[in-house]
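Go by the hints and put chain B onto chain A.
Residue numbers (the working numbering), protein chains in the order written: chain A, 1 to 308; chain B, 309 to 589.
Note that these hints are calculated values from the structure, not bench results. Small disclaimer: the values here were computed from a predicted structure and weren't measured. Don't take each hint at face value.
[Said to hold, decoys possible] Coverage of chain B stretches by chain A, computed from C-beta distances (three or more under 8 Å per stretch; other residues unrestricted):
1. 434-440
2. 508-522
3. 569-580
Think of the CB as a built atom: it goes at the ideal place given N, C-alpha and C, for glycine as much as any other residue.
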Amino acid sequence: MSSVADVMPMKNQAVLKRQRFFRTKIIPWLFVLPVLLINLIVIIGPTISAIYYSFTNWTGMGKATSVGLANYIHIFHDQDYGMAFKNNLIWLLFFLTIPIILGLIVANVLAPVKKGGMFFRAAFFIPYILPSVVTASIWRNLMSPTLGLGAQLAKIGISGLDIAFLGNTKTSLLSVAFVDFWHWWGFLMVLFLTSMQSVPPELFDAARIDGANRWQEFIHVTIPGIRPTLIFMLLMTGIWSFLAFDYSWVLTQGGPAGSSNLLSIIVFKDGLMKFQAGYASAVGISMTFFAAIIIMVFVILRRKGWEI
Amino acid sequence: MRQHRIRESRSINLTPNYIILFIVLIFAGGPLLILCFNALKNSADFGRNPLGFPSTLNWSNFSDAWVKGNFSVTLPNTLILVTGTVVGTMILSSMAAYSIAKLKLPGSDALTMYFLVVSSLPLQLFLVPLFYLWRKLGLVNNLFGLIIIYTATGCAFAIFLLRSYMVQIPSDFEDAARVDGANEWQAFTKVVIPLSWPAFLTTGLVTGLNVWNEFMLATVFLTQPKLYTVVTSYYNFSTAYGRNWGLTSAAAVMMVIPILVLFLLLQRQFISGLTQGGLKG
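Excised from the complex, chain B in its bound form:
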């Protein structure tokens, strides 16, 4: 049967498929290629040739963009947000996932339902009161304040992903630990967490990417330039230097490269995490 199938699929002519795929590749990848070209052009180069390969390689665009885009301030801000949110989300949602998957939490169906509903509530619904509440609490223009929001909005997805992984871990492992006198906390931290690391990796990547890219909340909750993230700062930067495409393109390339490198290294985890997480939004 299997051999038959292989022979069958060989008999299909795939040339039209490749032609279509290459056309789509131009559509998907072309703009990115142009972005990279533009990152190396000076202003004069643009007038002559706005889309093609640069005539001279202007590497200074990158150092200019680094300084004018204030990356030395925004990059640490973003890294604090990413790290804080990933750590916070991992801790809180893995505890909840452990409880649902392993401790036969009474009312776990209702809780799962609750998280489903909460995770599909639009941000715009609670954004305005949340902003004024955060202002009253002194958490506006405070990285920690935004980390709390990111953690709260990202937890539902993380719980689903971690739970579905933890239920597959045989209970024998924690039971053995319990027989040896471990309490639930020890069974959780010493046994289940180390066994769940692939799920942590996937969840962490998706959470981190979402925070790195997040725009609306960061715009609303961090209004001082010294607290801008890479993304919100880029938004202001690209408005201010709108005419200088070399500079804005170089800044864009610098923002994209870390994501792209991680994505290419951990493609499988990214895609599986995002496609499962995308079902949440």
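Chain A extracted, bound-state conformation:
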């Protein structure tokens, strides 16, 4: 800018100042404006109205009348909500353990493999890129009590697994979680693998010289080495567990008898099918609240000096 001013000394100082302001303050915001606008319309506006509607008996059409905290109070008496909340907690525990453990084990096994390493990485990642409806349909067939894996095992004498996994109130939730897990773990594995490959090899050499076996190496070198990724994925798993929707909806629609119902399905059914948009908004806000609690626990632990 100053060079331009030198070339044109006659130019009025005030005009230059205005041009400079335009160039450094206004133009950058003009570039951001379209994204901000579309964000406001699609996300921020509806989010604010969701907060408003959560205090009303809005059906989705016509006028909304304020009902104060009634929707939030109803949450505590709604048996569907209680069941779905419990299911979300089971979902959370499942995803904090099983996929993380398998991801860690396979990444650790795959890390030293040079020959075919890329092949295995790609093969394990493929389920992650499939549409959820396809994954669901594959496993609906495999879990069929008459033609699925269990039925085949029964034929060769291993009985007990030829049950309707998705149609039984005892097994439906874990079966749905299992299908989501099949689709999801490979993604975690690749994240862990990438993170493991950036651990300095000298650390492994040192551990080996000290006589560490593979298990000790894994616990004392690998895990500390990938800790930031691991902690971050635990945090994200915590947040996502309260938002899970696709697999439960596609496989069981929350059934049978609400046994695989999740909070997001309540929002979906009440808000868009049962004309209880006010209550659905309150449930949606409660889901956001749980995700926020997980973030807060994380931040507090970090403040307290936990190195996470």
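Okay, now just chain B, sitting in the frame of chain A:
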């Protein structure tokens, strides 16, 4: 040091690793293999042999699935959504990324924070009011209406990815263009965009894949069969023809093949894009 390490790693016996990897491969790849087998079976074949290799190759499943699954309608719908969203997201987020990375946008920290928060808001939080707003605006059952939603929800991730690439481009290039009299828009379109194409490729692949696979929004916002996407139509199709596994499997294979081919061709871009984007969800 390096040679030492190579000798060390050679001394590790990797056989147990391969055994574990092959077992996991059966778990990850087996169901896909069975899907491909099933796509070629007729109904009678299933009763005898629901999991194994087909006894006769029933290629007609594919043409049947194409017709009954209404792919000639749903595929163009999906392609419009994918193209529209990718183009929209690329344009809007690259402008924002350019501003944050290159123009010293005042308040860019606050803006980055804003996008982080917005991108972690659950869809279910604003889905219901958004639906009724869209209905009022006549954007329900409208492909363009859904493109706007996809673009808005996908932009945050695209901005992060493009920004982190653009900051690495030396400013000398645009400065040279500016000295030659280019304005900011020209510096952006003529210099920075051509230099950022690898980031555009990655971002575009991830955005496109997300739209191709997206289920919930497409279910809510496109309720007329003539507007179904490949995924929502498959959902209805697989419910209606639930007993005819050959047909549903063939339809599934047709949906998966384009993704799989792209993935195998551009594996590195896909994985790096998705693992960075996955941090968003």
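Tested hints:
1. As drawn, the segment 434-440 of chain B meets chain A at 7 residues by the rule of a beta-carbon pair under 8 Å; at three or more, the given contact holds.
2. With a threshold of 8 Å between beta carbons, the proposed coverage of the segment 508-522 of chain B by chain A holds, since 3 of its residues qualify and at least three are required.
3. Check result for the segment 569-580 of chain B against chain A: holds, 5 residues qualifying (beta carbon to beta carbon below 8 Å, three or more required).
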